Every structure is written in C-alpha cells, then in structure tokens.
Amino acid sequence: MQRLILAFIAGGLFGAGLFISGMTDTAKVQGWLDVFGNWDPTLAFVMGGAIIPMAVAWMFTKGRQPVVGGEFPAPADPKLGRNLVVGSVLFGAGWGLAGLCPGPAVASLSYGGWPHWVFFAAMLAGMAIAPAVRTSLDTAVPAE
Amino acid sequence: MLQTIPTDWVWGLIGGLLIGLGGAVYLLGNGRIMGASGIIGGLVDGSGRAAWKERTVFLAGVVLLPILLTPFYREVDTHATSNVAVLIAAGLCVGIGTRLANGCTSGHGVCGISRLSLRGIVATVFYIIAGGLTVVFFRHLLGVI
Chain A
1 MQRLILAFIA GGLFGAGLFI SGMTDTAKVQ GWLDVFGNWD PTLAFVMGGA IIPMAVAWMF
61 TKGRQPVVGG EFPAPADPKL GRNLVVGSVL FGAGWGLAGL CPGPAVASLS YGGWPHWVFF
121 AAMLAGMAIA PAVRTSLDTA VPAE
Chain B
1 MLQTIPTDWV WGLIGGLLIG LGGAVYLLGN GRIMGASGII GGLVDGSGRA AWKERTVFLA
61 GVVLLPILLT PFYREVDTHA TSNVAVLIAA GLCVGIGTRL ANGCTSGHGV CGISRLSLRG
121 IVATVFYIIA GGLTVVFFRH LLGVI
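Note that the protein sequences, when read in sequence, are chains A and B.
Under this note's numbering, the letters of the first sequence match residues 1 to 144, in that order.
Under this note's numbering, the letters of the second sequence match residues 1 to 145, in that order.
Everything labelled a hint here was simulated from the structure, so no lab data went into it.
Just so it is clear, the structure is predicted and the values come from calculations on it, not from any experiment.
Keep in mind that the hints are not guaranteed to be accurate.
Chain B stretches covered by chain A per the calculated footprint, using a threshold of three residues with CB under 8 Å from any CB of chain A [said to hold, decoys possible]:
(1) 16-25
(2) 79-89
(3) 100-112
(4) 128-134
Partial list, computed: chain B residues near chain A (C-beta under 8 Å) [unchecked claim]:
(5) ASN30
(6) GLY41
(7) ALA60
(8) ILE96
(9) ARG119
Per the computed footprint, the stretches of chain B lying under chain A, defined by three or more beta-carbons under 8 Å from a beta-carbon of chain A, are [stated by the list, open to error]:
(10) 50-59
(11) 63-71
Ideal Cβ positions, reconstructed from N, Cα and C, are used throughout, including at glycine.
With these hints in hand, go ahead and build the complete structure from the sequences.
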C-alpha cells in the first residue's frame, strides 16, 4: 500500500510539474528545438529545475535503502550501444514533429483534445511493436 | 530586475522542481527510476507486469493532477497539430524510439543526467539534435509543422 501511495504522489508531482512548466504546450517544446525560429528557452529551465532535486536524491541513495525496502537501481550502465543512439534519434524526430514526449503525452490527455489521443494511441502502438523492431534490428545488423 | 525575467521561465523552473521532486519521491520511496516511457512501455509490452499496480497508480497521478489544476487557468491551449499523419508518425517514432533507447526525457534526461550517467547524457544529446533538425526541416523547409 505504501508503495502505491508513494507512486501516486510521485506521479502527481510529475503531472503537476509538467502542467505548470508549460511542457505540455507543443509550441513551447518545438519553440525550444527551433533554434532558427523564435527560440524559447523555457525547456532549459524545466530541465535544470528537475535535475536539482534529482541530483540531491541520488546523493541520498548512498548507503541507504528505499523507504519501501528492497534496493536502489544498479549503478548507471556505462555501455552505450547502437540501440541507444538509433532509438534516441528516432525519439527525437517524433518529439520534434509533434512537440510531445511520453510524460507530457499522458499529462495532457484530459485537456489536450483529440490530437493528443491520436498521438498517444500511436505512441502505445509504437511501444507495442518496439520489441519486434529491436529483434529484427539486432538480426539484420548485429550490434557488436 | 525581477520584472525582466519572463514569467514562463519562472513557471518552467517551478514546474521543473516539481518534476524533479516527483522523481526523488519515486527513487527514494520506491527505489525506482521515474522514466515515463519505461513505466508506460512496461505496461504495453508486458515486461513490467509484476509492478503493474505501481505503474498504473503513478500514471493516474500524472493524469489527475492536471485535471485538478486546469480550473485555475483561464485557457489551456497545447497548440498541437491537427495533421493526423504527423501525429501518427510522431507517436510511432516516440513509442519505438524511447523503447529502443530504453528511456526518454524523464528517464535519460532528468534521472540519467542527474547521476551523470553516460547513457543518459548521450541519449539526451542525440534526441535533442534529432528534434532540432526535425523541427528545422519540417517547419522551415517543408512547412508542414
């Protein structure tokens, strides 16, 4: 139960933050990516603001346990790999096209109107076929 | 001095702090990395079946809080395109791409960079460059978005 309450609080803070910061406004996201247009630096403030509490949280994990018990995530994997780069480029392209990434796509479902639902449905479809895409990519061009 | 700082930047910073606080609660409380694509994707492809309640409740919080906040705003316009082809192509790219890369703006960007993860930093550099080139190409050259 405690785990679920904490997950709800975390999700609530995430959703509230995405809403308040303006990151569900596709014009602001595309405005940040559009260095040749009327550049909007808001996203940098959002990223910077989000990284501060997270960096403190990571420091707190040293020698401790999560509140609900168990273990903290393993140290960051130093291996980069082809899929990380290919996936990130693909993600970036979609992010630029619509101005939406997964978090804001969920946060905006209640007020974004039908275009957000179309994007969301396509995103879920993409996630559903991603394991198959990964397999065929690895078969066609082995990573290492 | 204060008046010269655009309000959007201030709200961006405040919202960003809340996002980071959410990530901190998820990490210190449940021992998990707050990555939106991982949380959603795990439910979609079944890889996160074991923790489905935790994931669902998290997403419920993400949807619910904006519903509670919208009444305080005069208008909420997300300026999303109504070009269905663009929306579908974008959604597919984001869905496949984030799962291939194992993370998105929250997982690689916020949670990865804050612990100086090389994967997080490299992913963020690549999706920002790809996003920037996409906007320049489709907006300024093709005029589609």
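Checked hints:
no.	hint	verdict
1	16-25	holds (count 10)
2	79-89	holds (count 9)
3	100-112	holds (count 11)
4	128-134	holds (count 7)
5	ASN30	5 Å, holds
6	GLY41	4 Å, holds
7	ALA60	7 Å, holds
8	ILE96	4 Å, holds
9	ARG119	6 Å, holds
10	50-59	holds (count 6)
11	63-71	holds (count 7)
The earlier numbered hints are all upheld by this structure, with none contradicted.
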